[in-house]
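> Chains as they are written, first to last, in my numbering: chain A, 712 to 1016; chain B, 335 to 587.
These are calculated hints, taken from the structure and not from any lab test.
Given the structure is predicted, the values throughout are model-derived calculations rather than measurements.
For every residue, glycine included, the Cβ atom is placed at its ideal position computed from N, Cα and C.
One should not assume that every hint holds.
Claimed, not checked - Here chain B is said to cover these stretches of chain A; the calculated rule only asks that three of the stretch's residues, wherever they fall, bring their Cβ under 8 Å from a Cβ of chain B:
id : stretch
1  : 884-894
2  : 900-906
To be verified - In silico DSS-like pairs for lysine-lysine, Cα to Cα no more than 27 Å straight-line:
id : chain 1 : residue 1 : chain 2 : residue 2
3  : B       : 451       : B       : 464
4  : B       : 460       : B       : 476
5  : A       : 908       : B       : 405
6  : B       : 532       : A       : 908
7  : A       : 908       : B       : 476
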Amino acid sequence: MIILFISFMTLIPFLGFSPYIMRIMILSGIYIILALSLNLLTGFTGIVCLGHAAFYGIGAYTSALLAIHFDLSFVFTAIAGGVVAAFFGLLLGLPTLRLNGTYLSMVTLGFCEIVRLVGLNWMSLTRGPMGLTGIPFPKILGWVIDRDAEYFYLVLILIIMTWVILNNLIQSRAGIALIAIREDEVAAEAMGINILKYKVLAFAISAFFAGIAGSFYAHYASFINPQSFTFDESIQILSMVILGGMGSNLGVALGAIVLVSVPEMLRGLQEYRMLIYGAVLVIMMLTRPQGILGNPKALKIPRNN
Amino acid sequence: MHKLQIQGLTKRFGGLTAVNNIDLHMDDNEIIGLIGPNGAGKTTLFNMITGMYIPTSGKLFYQGQDITGIKPYKITDIGIARTFQNIRLFLMMTVLENVLIGLHTRTNTNLFDAITKNKRYRNEEKTSHKRAIEILEMVGLKERKDEYSKNLSYGEQRKLEIARAMASNPGILLLDEPAAGMNDNETAELTRFIKTLKNFGLTVLLIEHDMRLVMNICERIYVFDHGSKIAEGSPKEIQKNQQVIEAYLGKGA
Ligand SMILES: Nc1ncnc2c1ncn2[C@@H]1O[C@H](COP(=O)(O)OP(=O)(O)OP(=O)(O)O)[C@@H](O)[C@H]1O
Ligand SMILES: [Mg+2]
């Protein structure tokens, strides 16, 4: 089943899709990684993060700067992007010691704004609103990626890696500890789970993969500026997770594909596009609040105290 | 050296003294009862033993080690596990998963093991699964292992909470009103079950309003009223104690 799916995916670039369609598929790929990574934090651990775009941006800038100034391999720049993002994830995870729920979400929102403002104003490093141009093509062991088909394969490989790692993690002792924290923090701690440690871990891992997605995006777009990593972007990623179904990796991947491609399909309708898009989201949430593939029982957890 | 020793433990909430200068001790393999009217401070004492509340004053020792003010997750690791008066299961998880979480402190695969699913990970997964099933068998919930815990009956949920606490292989098990909301049959079954815990070598501190249950299984009983300890002794002594009778029935009874 999985092998069938992967072989089908490897065939896609040979099916003669237009560059436009290829581009939408590659973008969907980036958002699948973003949605999967946010799902760890929001879907499984229960932390609503409004600052995911900041990790995405940090990964993109780290990777772009390393590639521009030092001409390093993509393998290195992507990992560096992930690691730097993870470091900020770790820092952002620390307030969870004192904050919870909405208050914590506000902190993540503030973080997103700070990162954007630093990006806009640290002219010597980021060139501010002018952004970074001429980001080189990704290079892996001497192989230069410059065609759509190659980008497609690269993002496919990244998705599979992200998927396997996050899935294995969720099934492990650490994964069920995260779900326990989402379900009932007091009971989780009474079971011997170090809440702070696991929340910080969830932030760091989530940020790591968002950073990797950012690296890919930077090399793929070859141009980035702080406008690509705003609060709107965070909301977009969060919508994918909620629409797809919190806590379901397959669901949020679908959510990412839907939310990238539907607005494109509606492009012909011009200004009505966003209206319809918004209406679809509202109707979806009213009729299926758990998302496309989310567990119907996962919402409205009854509290018995 | 006692298994658990509590010295002069006090907890104040603003002007209210919920627990007042309590001394208490437990030895290995004892089943001790903790009774008292509503608001006597029983649950507050549990919350201090498990690190959820920091005592205003006084000390707690577990096997001679000072555990006052230690974080709840470390207390579980050290060997004290509890259930909650208002059941706190992971409702969206299966019965088996609830017990697996109880095994958290007794397992140790790290992230690398988990991501690579290496041999160490697979071995541990196998042994924890086996252990979880064993525990479920003890409480009679083995057949229900794949059920979401929110679909269990009230009595079953109480038992699952005990199973989850037992999974951490505790030196002391704290049970907060395990029979609350159970019918007579379920209570009788629970009584038998708690007795078998003693055979498994467990040490139990039990809060319970069901007097028959307490008198039936506890070797010693502590009685609280308005935060203070008003009596301690064998079930027989407690039943005859004038102060206890007054606390429960009012003065002049
Ligand atoms: N977190 C808290 N903040 C303020 N007051 C509290 C808190 N926890 C407990 N109390 C108060 O402390 C007193 C003792 O409460 P506790 O829950 O320990 O009683 P209990 O003996 O367990 O009673 P019950 O049999 O009803 O469960 C009560 O007056 C209660 O209102
Ligand atoms: Mg109580």
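> Now, for every hint given, state plainly whether the structure supports it.
Evaluation of the provided hints:
1. 884-894: Coverage by chain B holds here, the residue count being 8 at a Cβ distance below 8 Å.
2. 900-906: Since 7 is at least three, the answer is holds.
3. B:451 to B:464: Given pair residue 451 (chain B), residue 464 (chain B) holds - Cα atoms ~18 Å apart, limit 27 Å.
4. B:460 to B:476: holds (16 Å)
5. A:908 to B:405: Holds. Residue 908 (chain A) to residue 405 (chain B) sits at ~13 Å (cutoff 27 Å).
6. B:532 to A:908: violated (35 Å)
7. A:908 to B:476: violated (32 Å)
Consistency note: the structure conflicts with the earlier hints numbered 6, 7.
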